[in-house]
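Chain H is fixed; fit chain F onto it per the hints.
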Amino acid sequence: MTSPATPQDRRQAPEAGLLSFYESPIPIRPATLGDAIASEWTKLRSVRATVWTLGVMVALMLTLGVGTALLLAANDTNLAGEPALALGLFGVLLGSLCVITLGVLTIGSEYSTGMIRTTLTACPSRARVLAAKAIVFFSLVFVITTVTATVVAVFQTVILSGTVAASGGAWALATVGVGLYIAGLGLLSLGVGAIVRHTAGAITIMIGVVLLPLVLAPFMFADALRGVQRFLVEYSIPNQLSALYGTTMTSTGPSAWEPLLVMLGLVAVALGGAVALLNRRDV
Amino acid sequence: MIEAVGLTKRYGAKTAVDDLSFQVRPGAVTGFLGPNGSGKSTTMRMILGLDSPTAGHVTIGGHPYRSLPNAPRQVGALLDAKGVHGGRTARNHLLSLAQLAGIPAARVDEVLGVVGLQDVAKRRTGGFSLGMGQRLGIAAALLGDPQVLLFDEPVNGLDPEGIHWVRNLMKMLAAEGRTVFVSSHLMSEMALTADHLIVIGRGRLLSDMSVTDFISANSADFARVRVPEDGPEDRQKLTATLIEAGGRVMSEPGGALRVTGLPLPRISDLAHGCDVRLWELSPHQASLEEAYMRLTQGLVDYRSTDDTKAGLAEPPPLDAYGYPVGGHTDVPVAPVEVPQEGWYAPPPPGPRPAPAPPAPSPAAEPSPAAEPSSAAPAGEQTSKDLR
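In order, the protein sequence lines correspond to chains H and F. According to the working numbering, the first sequence is numbered sequentially starting from 1. According to the working numbering, the second sequence is numbered sequentially starting from 1.
Just chain H, same shape as in the assembly (with noise of 0.2 Å):
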């Protein structure tokens, strides 16, 4: 049967002595992208958890941001040669773990309370309640991370006036590039939070992601080795976001908006599985 069972049925309800099927006096219209895009939206200004993380990830660039500036600022350091934007990114890295946290919260809590039952009863199509989820959280994190860090680099330049002037491309890079890379890093927990569908799992595997190449890489003693070291220092999450700042560990390795390319691949693949993976699993 392919068309609504509805009128035929209602035509030989009064036959069979049945009653009629009811309907809604409420107009019918088909949800689309758009209403998911709303609820998301409503779910997550609704909980305390966003206020906590963004709140805590603003405050840390800020007093980090400002206050390493104020600090070099104080001690007459001589800054020649180093972008002053650069300071920027020790906020931005601490700032980093609460994004990842409310990523992966984000569906983690639609698991762990077992709302996602409810979430996939009003919308049958996990592709659009993802989608919904995903754009709703990158525009608010890529939002408030572009402002927050363009504030920053605004207070260290007037802080630090003796240093040299950043170009308009640095200055890109270092507050709406920063702003894609950290909503993207969030997109990718939030990918990682619909695949492993637990919280502390997904978040443990994300700062992981985020820390381990950097602790393992110094360990990498032996010559035959020296290839993966490279790798994992210049494809380190921190390292590719210092590189948006202009700044690098290596000479090599992925500069200017090459972060973000990197980044963009990561998070299809993790959205993509988790596409692929909602529409399989049982929920």
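FYI, nobody ran anything at the bench for these hints, they're computed from the structure. Check the hints yourself; a few may be wrong.
So the derived list for chain H, only partly shown, Cβ under 7 Å to chain F, looks like this [unchecked claim]:
#1 Tyr22
#2 Gly114
#3 Gly265
#4 Asp282
Some chain F residues close to chain H (C-beta under 7 Å, calculated; not the full set) [unchecked claim]:
#5 Arg10
#6 Pro72
#7 Asn92
#8 Arg178
Pairwise CB distance ranges (calculated) [stated by the list, open to error]:
#9 H:Leu261 / F:Glu110: 48 to 54 Å
#10 H:Ala49 / F:Ser52: 30 to 36 Å
#11 H:Phe90 / F:Leu130: 43 to 49 Å
#12 F:Thr8 / H:Val147: 50 to 56 Å
#13 H:Arg230 / F:Ala13: 45 to 51 Å
#14 F:Lys122 / H:Met220: 54 to 60 Å
#15 F:Gln118 / H:Ser139: 28 to 34 Å
#16 H:Gly208 / F:Arg66: 30 to 36 Å
#17 F:Glu289 / H:Ala268: 55 to 61 Å
#18 H:Ala127 / F:Glu289: 43 to 49 Å
#19 H:Phe90 / F:Asn36: 52 to 58 Å
#20 F:Ser216 / H:Ser24: 33 to 39 Å
#21 H:Tyr235 / F:Lys122: 43 to 49 Å
#22 H:Arg281 / F:Ala245: 55 to 61 Å
Even glycine gets a Cβ: it sits at the ideal position worked out from N, Cα and C.
Chain F alone, transformed into the frame defined by chain H:
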């Protein structure tokens, strides 16, 4: 209309739902009964497309749930009262669901009023009691004003007022022409609410019939017939006549006859026909609960046992000679085995996939002094005769 055909769900070696086929029709409250772990919730999840069946399929109005157009406007479900984010307010929880389904936001306040939660709409659901959670879940199910409603244990944790309200709500929803499918293990509740019953045990369909049919088919419905005590030949004559007419007759210790398979007026007519006076002709009907226990007794996965605390109790203090204080030198008396629950006679023979019920423990034998009208001897009597 919900239709399941050959629905099967396996988790590894365990078969949770086994070749289940049934239909749930609109305009009636259909109760879904079964012991814990019998596959009720798994079936509900498969209806909603949350779990995919290993074999078979289930459709709502002819479509599998996941390809149903406007699914949330056609089907509403309460699966788990605790399935909400505790940090979100009741109103925001419902608002997010309404937005997801494309339902106007005004409907949220409407259903909050329907379930009586409007005063706590701005409170976080983490502080809600189980009963309030159930009301919130019912509100979510009603949000889309759907044609088909599924409720998994809706009265758990509700106060008497709430139970009464849910009962009337189900009946009202069904009277409007909706399909209402309610799972429960509260038999007394189902007896008052449901029109039709689907009973499963270990994932298999045990029964699919109306409540009244279910009770008479699965309980020890019988008529007690007593003839004057001065005429044993009258008693035999009546017994022969009743058996000839297709009834089943058992003798009670008090001299009365227990007749099944014949309606009361027919018994009266037959007695009149063979010229036997009756001192008593009374109907005895079992409750839905007893009928249900009889049907599922062999299919209960999780059965409680006595808590004997064996091996944990401290040994009695010993005196100087190594004997227990108090002079009782003999071994401790073994505890008398008492069954946990009343044993019910097996259901009437028929094509039913139920395994044989466990043999009654000797301790379950009724004492000779017991009144024949009490439940346990009744079952005993019937089972003896069936053997």
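Structure-based check of each hint:
1. Tyr22: Holds. Min distance 4 Å.
2. Gly114: The hint holds - H:Gly114 has a Cβ within 7 Å of chain F, the shortest such distance being about 3 Å.
3. Gly265: violated, 30 Å
4. Asp282: holds, 4 Å
5. Arg10: Where the cut-off is 7 Å and the nearest Cβ of chain H is about 12 Å from F:Arg10, the hint is violated.
6. Pro72: holds, 5 Å
7. Asn92: This hint holds: F:Asn92 lies near chain H, its Cβ roughly 4 Å from the closest one there, short of 7 Å.
8. Arg178: holds, 4 Å
9. H:Leu261 / F:Glu110: 48 to 54 Å: Cβ of H:Leu261 to Cβ of F:Glu110: about 49 Å, so the range 48 to 54 Å holds.
10. H:Ala49 / F:Ser52: 30 to 36 Å: Since H:Ala49 and F:Ser52 have Cβ atoms about 31 Å apart, the given range 30 to 36 Å holds.
11. H:Phe90 / F:Leu130: 43 to 49 Å: holds, 47 Å
12. F:Thr8 / H:Val147: 50 to 56 Å: At 54 Å between Cβs, range holds.
13. H:Arg230 / F:Ala13: 45 to 51 Å: holds, 49 Å
14. F:Lys122 / H:Met220: 54 to 60 Å: holds, 56 Å
15. F:Gln118 / H:Ser139: 28 to 34 Å: Given about 33 Å between the Cβ atoms, the range holds.
16. H:Gly208 / F:Arg66: 30 to 36 Å: holds, 35 Å
17. F:Glu289 / H:Ala268: 55 to 61 Å: Holds, at about 57 Å.
18. H:Ala127 / F:Glu289: 43 to 49 Å: Roughly 46 Å apart at Cβ, these two residues keep to the hinted range, so it holds.
19. H:Phe90 / F:Asn36: 52 to 58 Å: Between H:Phe90 and F:Asn36, where Cβ atoms are some 55 Å apart, the hint holds.
20. F:Ser216 / H:Ser24: 33 to 39 Å: The hint (33 to 39 Å, Cβ to Cβ) holds, given that F:Ser216 and H:Ser24 are roughly 38 Å apart.
21. H:Tyr235 / F:Lys122: 43 to 49 Å: holds, 48 Å
22. H:Arg281 / F:Ala245: 55 to 61 Å: Distance hint for H:Arg281, F:Ala245 holds at roughly 60 Å.
Checked against the numbered hints listed earlier, the structure breaks hints 3, 5; every other hint is satisfied.
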